[in-house]
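Position chains B and C relative to chain A; hints supplied.
Below are the chains, spelled out letter by letter.
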Amino acid sequence: MSVAPSSSLRLADVAIAVGGTVVGDGNAMVSGIASLDRAAAADLTFLASSKYAPLLAESAAGGVLVTPELAAVPGRCQNRIVVEKPHEAMLALLPRFYRMPARPFTGVHPSAIVDPTARLDADVCVEAFCVIGAGAVVGRGCWIGPHCVIGEGVSVGVDARLVSQVTLYPGAALGARVLLHAGVRVGSDGFGFVFRDGAHQKIPHVGRCVIGDDVEIGANSTIDRGSIDATEIGAGTKIDNLVHVGHNVRVGRLCLFAAGVGIAGSSRIEDGVMLAGQVGVAGHLTIGARAIITAQSGVLKSVPAGETWGGFPSRSQRETLRGYAAVNKLPDLMRRLEKLLARDPKE
Amino acid sequence: MSVAPSSSLRLADVAIAVGGTVVGDGNAMVSGIASLDRAAAADLTFLASSKYAPLLAESAAGGVLVTPELAAVPGRCQNRIVVEKPHEAMLALLPRFYRMPARPFTGVHPSAIVDPTARLDADVCVEAFCVIGAGAVVGRGCWIGPHCVIGEGVSVGVDARLVSQVTLYPGAALGARVLLHAGVRVGSDGFGFVFRDGAHQKIPHVGRCVIGDDVEIGANSTIDRGSIDATEIGAGTKIDNLVHVGHNVRVGRLCLFAAGVGIAGSSRIEDGVMLAGQVGVAGHLTIGARAIITAQSGVLKSVPAGETWGGFPSRSQRETLRGYAAVNKLPDLMRRLEKLLARDPKE
Amino acid sequence: MSVAPSSSLRLADVAIAVGGTVVGDGNAMVSGIASLDRAAAADLTFLASSKYAPLLAESAAGGVLVTPELAAVPGRCQNRIVVEKPHEAMLALLPRFYRMPARPFTGVHPSAIVDPTARLDADVCVEAFCVIGAGAVVGRGCWIGPHCVIGEGVSVGVDARLVSQVTLYPGAALGARVLLHAGVRVGSDGFGFVFRDGAHQKIPHVGRCVIGDDVEIGANSTIDRGSIDATEIGAGTKIDNLVHVGHNVRVGRLCLFAAGVGIAGSSRIEDGVMLAGQVGVAGHLTIGARAIITAQSGVLKSVPAGETWGGFPSRSQRETLRGYAAVNKLPDLMRRLEKLLARDPKE
Numbered sequence: 595m596s597v598a599p600s601s602s603l604r605l606a607d608v609a610i611a612v613g614g615t616v617v618g619d620g621n622a623m624v625s626g627i628a629s630l631d632r633a634a635a636a637d638l639t640f641l642a643s644s645k646y647a648p649l650l651a652e653s654a655a656g657g658v659l660v661t662p663e664l665a666a667v668p669g670r671c672q673n674r675i676v677v678e679k680p681h682e683a684m685l686a687l688l689p690r691f692y693r694m695p696a697r698p699f700t701g702v703h704p705s706a707i708v709d710p711t712a713r714l715d716a717d718v719c720v721e722a723f724c725v726i727g728a729g730a731v732v733g734r735g736c737w738i739g740p741h742c743v744i745g746e747g748v749s750v751g752v753d754a755r756l757v758s759q760v761t762l763y764p765g766a767a768l769g770a771r772v773l774l775h776a777g778v779r780v781g782s783d784g785f786g787f788v789f790r791d792g793a794h795q796k797i798p799h800v801g802r803c804v805i806g807d808d809v810e811i812g813a814n815s816t817i818d819r820g821s822i823d824a825t826e827i828g829a830g831t832k833i834d835n836l837v838h839v840g841h842n843v844r845v846g847r848l849c850l851f852a853a854g855v856g857i858a859g860s861s862r863i864e865d866g867v868m869l870a871g872q873v874g875v876a877g878h879l880t881i882g883a884r885a886i887i888t889a890q891s892g893v894l895k896s897v898p899a900g901e902t903w904g905g906f907p908s909r910s911q912r913e914t915l916r917g918y919a920a921v922n923k924l925p926d927l928m929r930r931l932e933k934l935l936a937r938d939p940k941e
Numbered sequence: 595m596s597v598a599p600s601s602s603l604r605l606a607d608v609a610i611a612v613g614g615t616v617v618g619d620g621n622a623m624v625s626g627i628a629s630l631d632r633a634a635a636a637d638l639t640f641l642a643s644s645k646y647a648p649l650l651a652e653s654a655a656g657g658v659l660v661t662p663e664l665a666a667v668p669g670r671c672q673n674r675i676v677v678e679k680p681h682e683a684m685l686a687l688l689p690r691f692y693r694m695p696a697r698p699f700t701g702v703h704p705s706a707i708v709d710p711t712a713r714l715d716a717d718v719c720v721e722a723f724c725v726i727g728a729g730a731v732v733g734r735g736c737w738i739g740p741h742c743v744i745g746e747g748v749s750v751g752v753d754a755r756l757v758s759q760v761t762l763y764p765g766a767a768l769g770a771r772v773l774l775h776a777g778v779r780v781g782s783d784g785f786g787f788v789f790r791d792g793a794h795q796k797i798p799h800v801g802r803c804v805i806g807d808d809v810e811i812g813a814n815s816t817i818d819r820g821s822i823d824a825t826e827i828g829a830g831t832k833i834d835n836l837v838h839v840g841h842n843v844r845v846g847r848l849c850l851f852a853a854g855v856g857i858a859g860s861s862r863i864e865d866g867v868m869l870a871g872q873v874g875v876a877g878h879l880t881i882g883a884r885a886i887i888t889a890q891s892g893v894l895k896s897v898p899a900g901e902t903w904g905g906f907p908s909r910s911q912r913e914t915l916r917g918y919a920a921v922n923k924l925p926d927l928m929r930r931l932e933k934l935l936a937r938d939p940k941e
Numbered sequence: 595m596s597v598a599p600s601s602s603l604r605l606a607d608v609a610i611a612v613g614g615t616v617v618g619d620g621n622a623m624v625s626g627i628a629s630l631d632r633a634a635a636a637d638l639t640f641l642a643s644s645k646y647a648p649l650l651a652e653s654a655a656g657g658v659l660v661t662p663e664l665a666a667v668p669g670r671c672q673n674r675i676v677v678e679k680p681h682e683a684m685l686a687l688l689p690r691f692y693r694m695p696a697r698p699f700t701g702v703h704p705s706a707i708v709d710p711t712a713r714l715d716a717d718v719c720v721e722a723f724c725v726i727g728a729g730a731v732v733g734r735g736c737w738i739g740p741h742c743v744i745g746e747g748v749s750v751g752v753d754a755r756l757v758s759q760v761t762l763y764p765g766a767a768l769g770a771r772v773l774l775h776a777g778v779r780v781g782s783d784g785f786g787f788v789f790r791d792g793a794h795q796k797i798p799h800v801g802r803c804v805i806g807d808d809v810e811i812g813a814n815s816t817i818d819r820g821s822i823d824a825t826e827i828g829a830g831t832k833i834d835n836l837v838h839v840g841h842n843v844r845v846g847r848l849c850l851f852a853a854g855v856g857i858a859g860s861s862r863i864e865d866g867v868m869l870a871g872q873v874g875v876a877g878h879l880t881i882g883a884r885a886i887i888t889a890q891s892g893v894l895k896s897v898p899a900g901e902t903w904g905g906f907p908s909r910s911q912r913e914t915l916r917g918y919a920a921v922n923k924l925p926d927l928m929r930r931l932e933k934l935l936a937r938d939p940k941e
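Top to bottom, those sequences are chains A, B and C.
Start counting the first sequence at 595; every next residue gets the next number (this note's numbering).
Start counting the second sequence at 595; every next residue gets the next number (this note's numbering).
Start counting the third sequence at 595; every next residue gets the next number (this note's numbering).
Next comes chain A alone, as it looks inside the complex:
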C-alpha cells in the first residue's frame, strides 16, 4: 500500500546494507517495505518489539528484520535478517526501495512568471505557474513546486522546498533546507485592530516572518508576520498541518508542534518545546525550554522550562491528572456527602 517501489533486492544484499545476518533464504527477492499485517510476499517487514510478535505469526512478508532476541519468534515467514535495530534499519533501507521526491528538472518552467529583478540561483527548479516578485532571492538547490507565490523581497535559502500552492508574503525570509507543504502561508497579516470611530481599524503589519534552517511546516498551516518586529521560527523546528502561529511569536530551535496547534500573538516558545495536538497558547506568554504541553490543553500562563503541563487552564500535568481523577470520583463522593450532610443537625 505504498507508492510504487523502484527496485528489487536480494535479502542477502539487504543484510549487507544494514550490517545484519540472514537466517533462511538469502536469495529471496523483496521490492518494498510494509507493516507486519499488510506485507505481501514481495515485501520486507520488521519486528522490533515482542508486543507485535503475534502479528508475525500470520504475516505473509517475504522477509523480516528482527532483533537477535526475537530472531526465533514463530511465524510463516522464515527468511529473517537479524539486526540490532530493525526500525532504524528499515528507515535506512527506504531510499533503496523507493524513489525519494526529487526535482523534475533544473531551471524555470516557461509558464512561471519571475520578476526581472528577482535573483534565482542557476541551480533551482521553479515549476509551472509560480509567481516570483521583485527583488526576491531564491538560493541554490531550491525546489519551488507548482502554483507557489513568492512575494516581493522574499529570500529563500539553499535547498529549500515549497511543495505547491505555498504563499510567501512580501518580506518573508526562509533559511536553508526549509520544507513547506502544500498551502502553507508565511507572513500573512497578524490579527491586530484598534477600535476607533465605531470600527475595528487595522493595525498595519510591517514586521517580517523569519523561518530558520531545517524547519518543516505542514499542509495549510499559517505563520503570521510581525506587527513591527518579526515572527520567528527557530532552526530545526517541525510544525504539523493546520497550525497557526500568531504575530510577533518567537519560536525557538528544535520544537515540535502537532496538528491543530494555535499560538496567540507575542508569545515566546523556547527551544525544544513540544506542543501536542490542538493545544492553544494564549498571547504574551513564555513556554520554557523543553516544556511539554499535552493534547488539547489551553495554556493561559507561562510554563517553566522542562515541565509537562496540561488541561484547561493548564497547570502541571501531575495536578491536572489529580484533578481529572478527583472529578471522576466526585459523583459517588457527593452522594455519600449529601447523606452525611442530611444527618447534620446544623445544616
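Treat the hints with care, since some could be wrong.
One copy or any two copies: either way a pair holds, since identical chains are not told apart in the list.
Derived pair list, reagent style DSBU-like, types lysine-lysine, alpha-carbon separation capped at 30 angstroms [what the hints assert, rightly or not]:
no., residue 1, residue 2
1, K895, K923
2, K679, K645
3, K679, K895
4, K895, K645
5, K679, K796
6, K645, K933
7, K645, K796
8, K923, K933
9, K923, K645
Everything labelled a hint here was simulated from the structure, so no lab data went into it.
Then chains B and C, alone, in the frame of chain A:
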C-alpha cells in the same frame, strides 16, 4: 438569498412533481426556495414541524409545502401544497429551481499542463492552470477545477470532482465520485521524526493515501500519506472543512467528521463513526463502529463500538455528563463541607 | 526585523508629524520602527507603559516616543519625543517609514483568464493566473492577487483585496473593502447529508455566501455557503486564520473571531461578539450582541447579550472560574472528606 434560480414553476406543477395536493391558487408561480423567515412572494417555503408554525404566520412566501397535520396552520400565505414529507419534497425540488454545478466544457483547458504519460479519459474536464504529473490516471466523467495539482502516479476514479486548488501528492488514489473541496491536500507527508545527532531527522514517507468511493472532503482539510502503509478513508465517508487526518490512519465506511477534527497517526476509525466538531483523537487508538464522539472531546483511549463518548479525557457520555453536573454543584457543596469540617474535632 | 523601510526621517520631523516635542538631538535620523528590545540605532521605538521601562534602559534605539510621565525614565537612548499617546503615534508613523501594500499595476495580467461575460471595472488589478467566471462583477479599485478563482456570478465590491489563491465559489457576494488573505474559501458547500438507502446523501447547497463591507478574513479560513438561505458575515467583522463558519450562519457587524474558531450550522452571532481562539459554537444557537466567549470554550446553548462565557460546556465566566477553582481544591478536600466518612458509623 440563494444563487439565481434558473426556472419558474406553477404550484400545481410543483404539487405533481412531489406527489402532493394544492390548497389555494395552483396557478401561482414560484421561482426559488427559501426558509420561512426569508421567503419572498416568488419563493416556495416549507413547514415540517409545529415548532416553526409561528414563522409561517408572517412569512411572505408565495407557496408553502406542509404536512397534512399542519395544512391549516394560520399564515399570510394561503397557497399550500400538502405532502407527507415537506423537507424531502423541498430537497427533491432543488434541481428544478436551481442549476446544479456542472462541468463547463469537456476536454483539457489549453493552459493546463498535462504530462504526456498521464492517461486521461476522453470524457473529462480539466480546467485552467491544472498540472497533472507523469503516469497519473484520471477516469471518465471527472471534473478537475482550476489550479489543481495532481502528482506523479496519482489515480482519480470516475466522476470525481476536485473543486479548485486541490493538491494530490504523488501516489494518492481516489475512488469513484470523490468530491474534494477547494484547498484540500491529500497525501502530504506525515509528522514523523527521530531525534538523532542533535536534530529531528525526517522519517521518509513512502506510504500512499487512498480515498474510497463517494468520499467528500471539505475545504482546506488535510489527509497525510502513510509512512510505509497507506492512510485510508473508507467509501461513503464525509469530512467537513479544516479536518486533519494523520499518517497511517484507517477510516472506515460511512463515517462523518465535522469541522476542525484532528486524528493523530495510526488510529483506526471503524465504520459509521461520527466525530463532532473540533474533536481530537490520539494516536494508535481504535474508535469502534458507529461510536459517536461529542464536540471538542479529546479521545485518549479506544472507544467500544456503538458507544457515545465525550469530554477530556473522553469517557462514556453518561459519566461525562455526571462529571459536569457534579462540578457545577461543587462550589456550593464545598462551602457546606468546609463548615462541617470546621466543626470536626479531629481535623 | 521588519520589511525594508522606504525612507528616513529626522526626529524633529517625526515630532512635528505626531504633534510631540523633541528632547535631545532633533537631527538624529531614524528609518524604521522596532520594539524596545529589538531596536537598533536607526530605529525609532516607543514606551507607553512603565511596565516596559526596564527595557528602555538597554534599548539601542536611535529615538523613543514616550508619554510625558515616562519622559525622564533612564535609558541609553537620550533622544526622545514626548507625546500623549506613543502607541497611536507609532501606528500613525508606520506609513511614513514603510511602503504599504499596493497594487503593482492597473489592469488584467495577460495570463489571467476572464470570462467574456464578466464585468470588471476599468480600475482593477487582476494578477497572474486568476480565473474569473461567467457573469462575475469586480468593482472599482479591487486588487485580485495571483491564483485567485472567482466563480460564476460572484460579485466583488469596490476596493476589495484578495491576496492570493483565494476561492470564491459561484454566487458569493463580497462588499466594499473586503480583505481576504491567502487561501480563504468563501461559499464552499455546507456539511449536510441525509442518511438514506445505506448512504449519506448530499443535500444540495444552493444558498449564497454574503460578506459585508470592511470584513477581513485570515489565511486558510473557510466560510460555507447556505443550504437554501445565505451564510452572512456582517460589515466590519474581522476573522483570523483557520476559522470555520458553517452553512446558514448569520454573523453580525463588528465581530472579532480569533484563530481556530469553528461555528456550526445555522447559528446566529449578533453584533460585536468576540470569540477567542479555538472557540467552538454548536449549531442553531444565538450568541447575543457584544458577548465574549473565552479561549477554547465550547458553547452548547445560547448566550445572552453582553455576557462573558467560558469553559465546556460554556456558562457564565464567573461560574466557570468558580468551577475551576473548586476542581483545583478538590483533591485535598477529598482526602479530608474520606477521613471524615471513614469515621462515620453510618457509612
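Tested hints:
In this assembly of identical chains, the alpha carbons of K895 and K923 lie at most 30 angstroms apart whether taken from the same copy (28 angstroms) or from different copies (19 angstroms). In this assembly of identical chains, K679 and K645 lie within 30 angstroms of each other by CA distance solely inside one copy; the values are 15 angstroms within and 54 angstroms between copies. In this homomeric assembly, K679 and K895 come within 30 angstroms of each other (Cα to Cα) only across copies, at 29 angstroms, whereas the closest approach inside a single copy is 41 angstroms. Taking the shortest Cα distances, K895 and K645 sit within 30 angstroms of each other only across copies (18 angstroms), while inside one copy they are farther apart (40 angstroms).
With identical chains, the CA atoms of K679 and K796 are at most 30 angstroms apart between copies only, with a shortest distance of 17 angstroms across copies and 55 angstroms within one. Taking the closest pair of Cα atoms, K645 and K933 never come within 30 angstroms of each other, the shortest separation being 47 angstroms inside a single copy and 42 angstroms across copies. Within a single copy, K645 and K796 get their C-alpha atoms only as close as 56 angstroms, which misses the 30 angstroms cut-off; across copies the closest is 25 angstroms, which meets it. Taking CA atoms no more than 30 angstroms apart as the test, K923 paired with K933 passes in both settings, with 16 angstroms inside one copy and 15 angstroms between copies.
With identical chains, the CA atoms of K923 and K645 are never at most 30 angstroms apart, being 32 angstroms at best within one copy and 40 angstroms at best between copies.
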